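Enquirer: Here the structure of chain D is known, so what remains is to put chain E in place on it, guided by the hints.
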Amino acid sequence: MSGPLAALPDEELTLLDLADRLLNRGVVITGEATISVAGVDLVYLGLNLILAAVETIEQRDARRR
Amino acid sequence: MRPLLAHAITRRAASGPDSGLRGQPLEQIAGGELALWATRWDAEASLARDDAFAHHDLVVVLCDAGACLPIRFGTWLADEAAARRSLEAEQDRFTSAIDRLEDRREVAVTLLWHEPETAPSAKPVAAGEPAPEPTAGAGGPGRAFLEGRRTTYVGTAERRREAEALANRLAAELATDQGDVRHETCPSSEVALSMSLLARKDEADALKARAITAVAALSGVRGVVSGPWPPYTFTEELGSGRGG
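Just so you know, the sequences run in chain order D and E.
Okay, so the first sequence: first residue is 173 according to the numbering used here, each after it adds one.
Okay, so the second sequence: first residue is 83 according to the numbering used here, each after it adds one.
Next up, chain E with everything else stripped away, as it sits in the complex:
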């Protein structure tokens, strides 16, 4: 039997889309009060970029039809029976998440630093090339090395403080409930903040408009506001997922 590529969990539905990724059959597998939607997939075919976005399109359709829990892309299930057992075993957890996220959408805010952070030792070291010796200063090479390390650390800490301040400012301006916000500061040298905001479906576009206005008022960063999307970031309770 061919494996299943999972897309989303919903309450049991009388009907829904019947075509999955690449035109393959879309299965609705019932387990208790819930249903898991999955494409029956040819084991020989590997996933590609377009499949990720096709998965998203399918999740959007399912979430527009009713309460829906998006499943992480790339989740494979052995067969229908195994999927059913998994649904039944975690019925309470999934039901609770579906109830919490019913008619909710996610708006994403990403802030990029105007100037990415760089280490104070400006000259990059090529692969295979030995690292340069620390310059001997008034206190010798050891002291110069430690001071360089300290400067890097202070710079990073300063960036984190700035990013946290930006996160707090946006959360205060945009979120009515702080439980509806997840964020990660400085996930890379270029990115100051990756934030997700949860909103009621009928209020998501208004939240996005307010977010666009809010990020435009920030200095030192470029802001990009995206969505609304299905609530990918909020499928797990606060503290068990990423960011927070």
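If we strip away everything but chain D, and leave its shape as in the complex, we get:
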């Protein structure tokens, strides 16, 4: 197996699955009461979650070496 997700243990994939639900699902409130839903910062946050997960793997591997 190859690719960034394949390197992740189940626990990290679970966190990504949860992050996907937090950022992309859940009820959307519409109307004038809502200032904003998601946006650029949250796209970055999603990417940041993936990068942090990959970084964790790399650090763990480095410690093993």
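Note that these hints are calculated values from the structure, not bench results.
In this text the structure is predicted, and so the values were computed from the model without any measurement.
Hints should not be assumed to be uniformly reliable.
[As the list claims (entries may be wrong)] Pulled from the structure, derived: some chain E residues nowhere near chain D, Cβ distances all over 12 Å:
{"hint": "1", "residue": "146"}
{"hint": "2", "residue": "240"}
{"hint": "3", "residue": "284"}
{"hint": "4", "residue": "287"}
[Stated by the list, open to error] Restraint-style ranges between C-beta atoms, simulated for each label pair:
{"hint": "5", "chain 1": "D", "residue 1": "183", "chain 2": "E", "residue 2": "97", "range": "28 to 38 Å"}
{"hint": "6", "chain 1": "D", "residue 1": "178", "chain 2": "E", "residue 2": "112", "range": "45 to 55 Å"}
{"hint": "7", "chain 1": "D", "residue 1": "183", "chain 2": "E", "residue 2": "161", "range": "36 to 46 Å"}
{"hint": "8", "chain 1": "D", "residue 1": "183", "chain 2": "E", "residue 2": "107", "range": "26 to 36 Å"}
{"hint": "9", "chain 1": "E", "residue 1": "96", "chain 2": "D", "residue 2": "175", "range": "45 to 55 Å"}
{"hint": "10", "chain 1": "D", "residue 1": "200", "chain 2": "E", "residue 2": "130", "range": "14 to 24 Å"}
{"hint": "11", "chain 1": "D", "residue 1": "202", "chain 2": "E", "residue 2": "299", "range": "34 to 44 Å"}
{"hint": "12", "chain 1": "D", "residue 1": "183", "chain 2": "E", "residue 2": "302", "range": "21 to 31 Å"}
{"hint": "13", "chain 1": "E", "residue 1": "139", "chain 2": "D", "residue 2": "178", "range": "23 to 33 Å"}
[Said to hold, decoys possible] So the derived list for chain D, only partly shown, Cβ under 7 Å to chain E, looks like this:
{"hint": "14", "residue": "175"}
{"hint": "15", "residue": "177"}
{"hint": "16", "residue": "182"}
{"hint": "17", "residue": "185"}
{"hint": "18", "residue": "186"}
{"hint": "19", "residue": "189"}
{"hint": "20", "residue": "193"}
{"hint": "21", "residue": "194"}
{"hint": "22", "residue": "195"}
{"hint": "23", "residue": "197"}
{"hint": "24", "residue": "198"}
{"hint": "25", "residue": "199"}
{"hint": "26", "residue": "200"}
{"hint": "27", "residue": "201"}
By construction, the Cβ of each residue, glycine as well, lies at the ideal position given by its N, Cα and C atoms.
Expert: Chain E only, in chain D's frame:
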């Protein structure tokens, strides 16, 4: 007045947690028969990774206390009055969703391909580098190009068929009601399937155990089963949300 970061909608409650994200005050804003829970937030502070998971922890507490509708993370409301108006304006929609999801939890199944799909033209093109000319074969470069495109398409279609078959198999094995399943096939080259299953709260752990057994029996994919979580994926009626 500081804006509000929304977490969940519940029926009106006499009491609940009083601390929101980063120790900020958690407000319960009543509108009709419902209440919206939100952290009063300093407008200067931006959201971070830990805030997303703190939001989840708070939603779990609220859902454990009673019927609850998780709100998409990152939803900002101008102030209490605006939140109240929004609740009252969509009272029927929110009440219907809360009734439908009372004592329900979500179990997530993700399948990763053992071998991610790759395009037949194996050599990647670096940024700024011109794309290679199609190789001239028996039918010339145009034909080679079209055949390459066709092979890619067939490969993708084949993957989608495989993923759909896996989804159907899991749904048949795990779900008693097909309305309690949402799925998305091939959301990326590595992921074959992202599936969410709805279960009664007291049956969610058993469903998770059955899902772990079911994905272990699949070939060609690695399966990860997560949850139970609040029913994030099921807050909208089938057809209006993602997947299906």
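Enquirer: Let's test the interface hint: is any C-beta of chain E closer than 7 Å to that of residue 189/D?
Expert: Nearest chain E Cβ about 5 Å off; hint holds.
Enquirer: Taking 45 to 55 Å as the hint, is the beta-carbon distance of residue 96/E and residue 175/D inside that range?
Expert: For residue 96/E and residue 175/D the Cβ distance comes to about 50 Å; the hint holds.
Enquirer: Hey, does the residue 182/D contact hint survive, CB to chain E under 7 Å?
Expert: holds, 5 Å
Enquirer: Is the hint on residue 194/D kept, meaning its closest Cβ partner in chain E is under 7 Å away?
Expert: holds, 4 Å
Enquirer: If I claimed the Cβ atoms of residue 183/D and residue 97/E lie 28 to 38 Å apart, would that claim hold in this structure?
Expert: Given about 34 Å between the Cβ atoms, the range holds.
Enquirer: Given a cut of 7 Å on the nearest C-beta pair, is the interface hint for residue 175/D held or broken against chain E?
Expert: holds, 5 Å
Enquirer: Would the non-interface assignment of residue 287/E survive a Cβ cutoff of 12 Å against chain D?
Expert: holds, 15 Å
Enquirer: Starting from the hint 23 to 33 Å, judge whether the C-beta atoms of residue 139/E and residue 178/D obey it.
Expert: Holds, at about 29 Å.
Enquirer: Would the hint on residue 201/D be counted as holding, given a Cβ-Cβ threshold of 7 Å to chain E?
Expert: Because about 5 Å separates residue 201/D from the closest Cβ in chain E, which is inside the 7 Å limit, the hint holds.
Enquirer: Indicate whether the distance between the beta carbons of residue 183/D and residue 302/E respects the range 21 to 31 Å.
Expert: For residue 302/E against residue 183/D, whose Cβ atoms are near 23 Å apart, the range 21 to 31 Å holds.
Enquirer: Would you check whether residue 193/D satisfies its interface hint, that is, whether its CB is within less than 7 Å of any CB in chain E?
Expert: holds, 4 Å
Enquirer: Between the beta carbons of residue 183/D and residue 161/E, is the distance compatible with 36 to 46 Å?
Expert: holds, 39 Å
Of the numbered hints given earlier, the model fails none.
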